[in-house]
Amino acid sequence: MKSKFFLSEFFKNNGAVMGSLLIGLVGFWLIFLIILPQLSMLDYSFRFNLPPAEQGGPKDVYTLSNYEHLIYGSDITHQTYNSVDLMVFVRTIIAAMLVTIFNIFLCYPLAYFLGQSKGSGFVRLLVVLLIIPYWINEILRAFALRIIFGDSGLLNETLMFLHLTEAPIDFIRKDIALYAGLGYAYILLMLFPMYNVIESLDRNQIEAARDMGASWMRIHRRIVIPHAKPGIVSGATMVFMLSAGALAAPQILGGPSSLWFTQLVYQWFNDSLNWQQGAAYAIVLLVSTIVIVLTVMRFFKVNMGDIGK
Amino acid sequence: MSSGVAVDLEDIWIRFGDFVAVKEANVAIKGGDFFSFLGPSGCGKTTILRAVSGFLDPSQGQIRIGGKDMSGIGPNKRPTALIFQNLALFPLMKVWENISFSMEVTGASAKQRRKRADELLDMIALDGQGDKLPSELSGGQKQRVAIARALCANPDVLLLDEPLSALDLKLRQHMRTELREIQQRVGITFIYITHDQGEALTMSDNVAVMKAGVIDQIDTGHNIYDHPATPFVASFVGENNVFRGRVKEIKGNEALISTNRSGDLLSSISPSQVGKLAVGDDAMMFIRPEALQLGPAKKSSKTTISANVINEEFEGNSFSVFLEGDGGKSVKMSVPNGGQDKISDRGEVLSLHYNANNAVAMPAGELASE
Numbered sequence: 525m526k527s528k529f530f531l532s533e534f535f536k537n538n539g540a541v542m543g544s545l546l547i548g549l550v551g552f553w554l555i556f557l558i559i560l561p562q563l564s565m566l567d568y569s570f571r572f573n574l575p576p577a578e579q580g581g582p583k584d585v586y587t588l589s590n591y592e593h594l595i596y597g598s599d600i601t602h603q604t605y606n607s608v609d610l611m612v613f614v615r616t617i618i619a620a621m622l623v624t625i626f627n628i629f630l631c632y633p634l635a636y637f638l639g640q641s642k643g644s645g646f647v648r649l650l651v652v653l654l655i656i657p658y659w660i661n662e663i664l665r666a667f668a669l670r671i672i673f674g675d676s677g678l679l680n681e682t683l684m685f686l687h688l689t690e691a692p693i694d695f696i697r698k699d700i701a702l703y704a705g706l707g708y709a710y711i712l713l714m715l716f717p718m719y720n721v722i723e724s725l726d727r728n729q730i731e732a733a734r735d736m737g738a739s740w741m742r743i744h745r746r747i748v749i750p751h752a753k754p755g756i757v758s759g760a761t762m763v764f765m766l767s768a769g770a771l772a773a774p775q776i777l778g779g780p781s782s783l784w785f786t787q788l789v790y791q792w793f794n795d796s797l798n799w800q801q802g803a804a805y806a807i808v809l810l811v812s813t814i815v816i817v818l819t820v821m822r823f824f825k826v827n828m829g830d831i832g833k
Numbered sequence: 043m044s045s046g047v048a049v050d051l052e053d054i055w056i057r058f059g060d061f062v063a064v065k066e067a068n069v070a071i072k073g074g075d076f077f078s079f080l081g082p083s084g085c086g087k088t089t090i091l092r093a094v095s096g097f098l099d100p101s102q103g104q105i106r107i108g109g110k111d112m113s114g115i116g117p118n119k120r121p122t123a124l125i126f127q128n129l130a131l132f133p134l135m136k137v138w139e140n141i142s143f144s145m146e147v148t149g150a151s152a153k154q155r156r157k158r159a160d161e162l163l164d165m166i167a168l169d170g171q172g173d174k175l176p177s178e179l180s181g182g183q184k185q186r187v188a189i190a191r192a193l194c195a196n197p198d199v200l201l202l203d204e205p206l207s208a209l210d211l212k213l214r215q216h217m218r219t220e221l222r223e224i225q226q227r228v229g230i231t232f233i234y235i236t237h238d239q240g241e242a243l244t245m246s247d248n249v250a251v252m253k254a255g256v257i258d259q260i261d262t263g264h265n266i267y268d269h270p271a272t273p274f275v276a277s278f279v280g281e282n283n284v285f286r287g288r289v290k291e292i293k294g295n296e297a298l299i300s301t302n303r304s305g306d307l308l309s310s311i312s313p314s315q316v317g318k319l320a321v322g323d324d325a326m327m328f329i330r331p332e333a334l335q336l337g338p339a340k341k342s343s344k345t346t347i348s349a350n351v352i353n354e355e356f357e358g359n360s361f362s363v364f365l366e367g368d369g370g371k372s373v374k375m376s377v378p379n380g381g382q383d384k385i386s387d388r389g390e391v392l393s394l395h396y397n398a399n400n401a402v403a404m405p406a407g408e409l410a411s412e
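Chains as they are written, first to last, in this note's numbering: chain L, 525 to 833; chain Z, 43 to 412.
Keep in mind that the hints are not guaranteed to be accurate.
Claimed, not checked - Covered stretches of chain L, going by a simulated chain Z footprint (3 or more residues, C-beta under 8 Å):
1) 666-675
2) 734-744
3) 747-755
Stated by the list, open to error - Calculated lysine-lysine pairs in the BS3-like style (CA-CA distance at most 25 Å, straight line):
4) Z:K174 to L:K753
5) Z:K153 to Z:K136
6) Z:K65 to Z:K136
7) Z:K293 to Z:K253
8) Z:K290 to Z:K344
9) Z:K344 to L:K825
10) L:K753 to Z:K136
11) L:K825 to Z:K318
12) Z:K174 to Z:K153
Don't read these hints as lab results, they were simulated from the structure. Beta carbons are placed, not taken as given, at the ideal position from N, Cα and C, and that holds for glycine.
Excised from the complex, chain Z in its bound form (with noise of 0.2 Å):
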């Protein structure tokens, strides 16, 4: 099938009224790639979407699809296809209609409409399930057939409006991998729009963290995980563990922080920030629950924490240990379930150190609201 199409968004803004939806969004999208805008809801994600498949038109700036410019051209005209959060299934349609809706209006016949169906219906393994009405099939069976539809017209490009968030967790987990293989199959470009980071890291080649209008940071699943940019993206991504504290020293990528409450601890600078933080600078610093250890430092007690325990949450697969941090927040500790029956005792004092490879540092920002 087709290689699939670039597309390109260049200094979007989208305002409404005196609000801005969406400011300066410059995004590159490799044909082919699937894509995921991650962000709270109200971050504008949404809104970077409907200008793309046509239905609302950017304040400023220029959307191309394959190169080509789409200002002024309706969403009927457009090679994308969208998938709605809701599905917008026809109810009223048989599931072959539904499927093969954009051939009516191309003016297909009966049995051609019907031919294609039926191949789709087989892809997505529904066969046999073209005469019932969409009510009667299961969510995760409507939520295939709305994948169909969207891919009948043959798109360039397929827009996906978290269709997963009504689905049930175990269902959720497992359409995620069934879309990720219906993407390498049919190879065209996906642009998936999810406030679920897990969804956006196990599906997409490249991740867009949305915050407010704004995009902080664009990269591969694992760069944003390990290396995010901003604040906002360490909090947002995943648990994280923030130390504030001002920047005491900085060697090549290694800052020195002195943090308010663990006193003076190594960490590496987030890779785009590096020359943008400077000694007597606020800053943050993010470990990891899963990259805190137990045990006594082995090097320096530049990277060791020592902290009372508050309390211990068993898991299943791992503990959680929580103790006391800075600001009143604690600090998480997740330690794999390896038979033990415990790992600590309530105001009992650990020590727990980390790689300085594991730590990011970047200057003091705004922290994704929980």
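Pulled out of the complex, with its shape left as it was, chain L reads as follows (with noise of 0.2 Å):
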């Protein structure tokens, strides 16, 4: 349908009544809850934290100091760089690529599986299985691993009844209790996208691969995952975004030693009460992940439409 017949249409099959309460509610989606809090948050990065009495006042101007904080450690010298807070940056990005890799190895198989065998009653209770421990609260799940990796936990007290470890092995600190719990917390974001495409993909095209000699590494060279590309975009990107953006998880299975960027933010709003250098932070975080966003799609030439679908 051609977009500037579109709102015509939409009155036309909606009714004017109906139509307008739609539009209306998507406008105030999309302007107050999205576009005006991110608006205002980006205005906050760019002043400094005065005591109420002073905001509005004379001293209340636009400064860059809350990013040469990010960036320097402070915004009065440049001399050093802020490294504790940038390696938190950089370890946080590169994690929560990590983290996403991971998880497009870990389901593809499972999204092959489920989408290729489509119909069976085993397929939709293994859906269902793999749905119910969502219908738990996020912190929850967190203590949950955290039990579980815990130095008398499940997995550890296994290992060690299998004599495969004498010694309980600190999970936690290593940061692997830290990557499961992210891997686990948005794995089902990267599922279904690709269980969704890949189920769309006619057998037929498999088949015929397979009767002109192709080898299976072949058909899902050429076949499969060619076709379900826009998924596996699509689920990778909003698991890379969630990760680096996730709170709960660092928060209760993180090391000792190990911070995640949004702790810093966290930090900056609860703790210190900053929000300007919180806020500063936080859109540094969100340009930073919709460029790598960006790139990546454009690496693997996927559109933006082709997500949506």
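Fit chain to chain and form the complex, with the hints in mind.
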């Protein structure tokens, strides 16, 4: 449908009252829940953290000091870099990428299995079993993982029972629990887009390729993966964005020495009560992740429109 | 090119749980034959094709291609190429990549693949279209690309699973001729699956007619049309008028049938049923609409049917006259259009006669459902 006809068509199909109501709600959502909060954060990030009395006064001017703080650790001297915060930032981005890649490899076989054995009762049961754990609160799930990965947790007890290890492994300090928690937290957002596209793949194409002598590797490389690409990228985008912006899992499962960038943001907002500084950190994270996602999409030749399908 | 490789099915049974999809199939397909499996949907013909291509294993029996037992050999290792009902072209690959996919598998260079694809594109009269995507082609062009893709690997046997069913009538008729031409040019064995008797009769050297997992008759299209072996074949292939009755007399390969409605009628016995039909048996007799002629009996009343006209339809090249028949079914007579306004009036009693050679009698059995 041509976009300029969309509105008139939309009103014709839904009636004037319902049409206006629907468009009004979408507009409300867009403006009040997405655009305005982000703009106010952007505004915050360029202001000084002033006592309430001075806000709006002559000292309340725009500044880059919050961004300078992230890079140099000080807005006065530019002699040293803020290596602690920058390292946390880089580590967060790389770890989120690794979690995303890990999830792609974990979900692809599962999505392929689910998508190609369509309709069977067993598969539907499997999907329900995958969803049920997500009825539980994210924080409770993180604590459950913390218990499983603990010194006397299920995993260590099992490993020691099997004599695979003599002393308990410190999964928390080694950040294994953190990565497992992050991977698990958003895995369904990877699985379902992949499952949807693979389910729409015509089985005959796989059989045709097989009939022409293709090995399983080649069938996946040439037929299944190209078809599933929009789903994979869509899932990867969500997992990457949400992992980089996760708070509960790093808070609960992170080792004592490892900070997640969102924890810094949280500290600025909550502990230091410096919303301006926190907003700057959050904006940097947001812009960086968007740039990374767009770059990856361009590299894999996927359009925004393909993802929305 | 190759002179064609024979395909033999020996005592093939295919079961899915309790369901028997194919029952005791014995088929010997000669090398270079255009062989069709014809039957209504669900008769097991696609199952047979999947067994030949290697996508499923028969529960029992042996499939041989060129004399070689195929059991345990996967679809990617068999000398067969399958054309799917929906063609299954790869939508994200260009036409030439689609065509040469089987060469990509064997590690041929892009240059070699492109060359071979261009040759095949020439053959299917689509030269210069190699860089398009399949979605940019018309239905008939896609059809031809699917054929080229299957031929690219130089298969010994080409398997076609109702590949024309998605095309419109005109194109379908055109593709029939084209498929037949391609088969004669490459000379390899074609095994064709269809529910369309017109396709089977026009293209095939030999046809196997299937019903509910059982092969009723294997013969040339001509023999299947003129000398059907079972009531199912007689009623499924082409149009036919059925007369039920009891055998009154048998003389050589002719039988006198005392029909329920039209008195005693003389008929030849289906060649495969000679000796199996005895006096007193329930029998069925079939006469094609075009074998019935207007006018009084020339020799005897034993080849004459009299009945009331129910109605008449003008078909363009012919008139179809429907007369009161046996068991609520009408008898159809086809009269070529010779410029007359009409053949009959409603309610008029017509006398139709036929040649006993054109009538086929056989033991009573199940008819094809309409």
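These are the hints, each one checked on the structure:
no. : hint             : verdict
1   : 666-675          : violated (count 0)
2   : 734-744          : holds (count 7)
3   : 747-755          : holds (count 3)
4   : Z:K174 to L:K753 : 21 Å, holds
5   : Z:K153 to Z:K136 : 15 Å, holds
6   : Z:K65 to Z:K136  : 42 Å, violated
7   : Z:K293 to Z:K253 : 31 Å, violated
8   : Z:K290 to Z:K344 : 12 Å, holds
9   : Z:K344 to L:K825 : 78 Å, violated
10  : L:K753 to Z:K136 : 17 Å, holds
11  : L:K825 to Z:K318 : 70 Å, violated
12  : Z:K174 to Z:K153 : 17 Å, holds
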